[in-house]
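Produce the entire structure from the sequences given, and follow the hints as far as they go.
Chains A and B supply the protein sequences, listed in that same order. If you number the first sequence the way the numbering used here does, the last residue is 248 and the count never jumps. If you number the second sequence the way the numbering used here does, the last residue is 1248 and the count never jumps.
Be aware that a few hints might be false.
Stated by the list, open to error - Chain A stretches covered by chain B per the calculated footprint, using a threshold of three residues with CB under 8 Å from any CB of chain B: (1) 106-114; (2) 175-188.
Unchecked claim - Ranges of calculated distance between the beta carbons of each label pair, as one might list FRET restraints: (3) B:1064 <-> A:47: 47 to 53 Å; (4) A:47 <-> B:1104: 36 to 42 Å; (5) B:1070 <-> A:67: 37 to 43 Å; (6) B:1101 <-> A:231: 25 to 31 Å.
As the list claims (entries may be wrong) - Negatives, chain A to chain B, calculated, CB over 12 Å: (7) 49; (8) 81; (9) 209; (10) 229; (11) 244.
Hints are computed from structural coordinates only; laboratory data are not their basis. Idealized CB from N, CA, C, for every residue including glycine.
Here are the chains, one letter per residue:
Protein chains: 2
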Amino acid sequence: MSFSVLITGCNRGIGLELVKQFLKKNPSPAHLFATARNTTAAGELSELAAANENLHLVQLDVTNFKDYPEAVKQVSQIVGENGLNLLINNAGLLPQNRDLDAVTPEDMMNAFEVNCVAPLFLSKAFLPLIKKAADVNSVEPIGIHRAAIVQMSSSVGSIAENSGGGLYAYRCSKAALNMGMKSLSVDLTGTNILEMSMHPGWVLTDMGGPNAQITTETCCSTMLNTLDGLTEKDHGAFLRYNNTPIQW
Amino acid sequence: MSFSVLITGCNRGIGLELVKQFLKKNPSPAHLFATARNTTAAGELSELAAANENLHLVQLDVTNFKDYPEAVKQVSQIVGENGLNLLINNAGLLPQNRDLDAVTPEDMMNAFEVNCVAPLFLSKAFLPLIKKAADVNSVEPIGIHRAAIVQMSSSVGSIAENSGGGLYAYRCSKAALNMGMKSLSVDLTGTNILEMSMHPGWVLTDMGGPNAQITTETCCSTMLNTLDGLTEKDHGAFLRYNNTPIQW
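Here it is, written out as structure tokens:
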């Protein structure tokens, strides 16, 4: 079979590391699509694309909804009738203004647009290609090697686990994303497409900051193991990178 | 004591009925503030204000964040050092485009602004007045008669109970509101201000539509009983109008 993956927000952090680890896998995906807001200034990602024929860079600012059809067209021309197997909505935003005094309505709106609206509408835009993959691979069990959409959420988006308060813009946007994922999982019932939310852990990236608990490498290798093992029972689930469930 | 209440979105539906029932209570609040986008064209609400000295109309479109200080000033000039006891963020929006095919990014952003950002920032704007009430009424137990913020949420905003899918804009905005409420409840720890989310039931209003299950009158009388009985244990809770808990 021809396994294809698209990951958003790949110029750095978890997105970039996911690209590296997918490239190192044996076998590596037939086609790995990595989006970045500026693919010409993508540094390490550009070098990887130059060295790996199966890595395709797609220029996309996920908040430019009008650009989605062009991104879908680019992917469609390469994957053809095999469709797209796995969409990982990784691009995200953590506003600087975190507490009640500092947060502004604009922080809330920006975080919601990037962290909730964009992944849901990118899922919607790529759905025809993902449905193709689900139908083509009818012998494959439900999982990422057949057809799946993974929303990169955060345990900070768990209302039940919110004991720290604050972080209004980020928390609200991720709780909203989890809700959108849940609705999408219900709406995709019977399509053989897996849909779930993933918490990558508190990772040593620009976003995670210096007090984070795990390296980007550990995060991504553990997460890829978890993704590989997803089955029908994980449809609509909210899981940590290490395959433990998170309450809503 | 001087009990004061502010309710948003009072030109119709649940907001209007809450105003009527608060006016009929014995004793009625010393000051009842009712906001509407256009108080000069508020029909029944205007008539009630003409007939009841303790009802004050405040013109406010909750998405005009720059108008919040003026609304706070109007309320402050009336309640003075007694502060505001109870804020009910009732104004809400249910976009027409409900399913995956129909929903647009604009539907998502509009619903989030009205249903999540506005109630949180209105809570923030009125917090100094609500803190005054919490401090002035130091013999009163924690509850709405001391100082409280009630967010009008919806069981449709429960991720755990989402078995129907769709309704993306409304569901995401209400899940986000519940998260913001939860953060605010944590941040208000020790202030003696009660903060919680309320599901009013599926009510026969313009928003609820003709298939709804309860009348606006039943909704509001039951909800007022529940609000009256709220105690410290309900801080950060998500309750139905009839005082039963809802999962996140």
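Status of each hint after checking the structure:
1. Taking a C-beta to C-beta cut-off of 8 Å, the region 106-114 of chain A contributes 4 residues in contact with chain B, enough for the three needed, and the coverage statement holds.
2. With 12 residues carrying a beta carbon less than 8 Å from a beta carbon of chain B, the region 175-188 of chain A meets the three-residue requirement, and the given coverage holds.
3. At roughly 49 Å, the beta-carbon separation of residue 1064 of chain B and residue 47 of chain A lies within the given 47 to 53 Å, and the hint holds.
4. Checking the proposed 36 to 42 Å range against residue 47 of chain A and residue 1104 of chain B shows it holds: the Cβ atoms sit about 38 Å from each other.
5. Distance hint for residue 1070 of chain B and residue 67 of chain A: a CB-CB separation of about 40 Å, consistent with the stated range 37 to 43 Å.
6. Checking the proposed 25 to 31 Å range against residue 1101 of chain B and residue 231 of chain A shows it holds: the Cβ atoms sit about 28 Å from each other.
7. Chain B leaves residue 49 of chain A outside its interface by the beta-carbon criterion, the shortest separation being 29 Å against a cut-off of 12 Å.
8. Listed as a non-interface residue, residue 81 of chain A keeps its Cβ farther than 12 Å from every Cβ of chain B; the least gap is roughly 23 Å.
9. Every beta carbon of chain B lies more than 12 Å from that of residue 209 of chain A, the smallest distance being close to 19 Å; the non-interface claim holds.
10. Residue-level check passed: residue 229 of chain A sits 23 Å from the nearest beta carbon of chain B, beyond 12 Å.
11. Non-interface call for residue 244 of chain A relative to chain B: holds, since the shortest CB-CB distance, roughly 18 Å, exceeds 12 Å.
No hint from the list above goes unmet by this structure.
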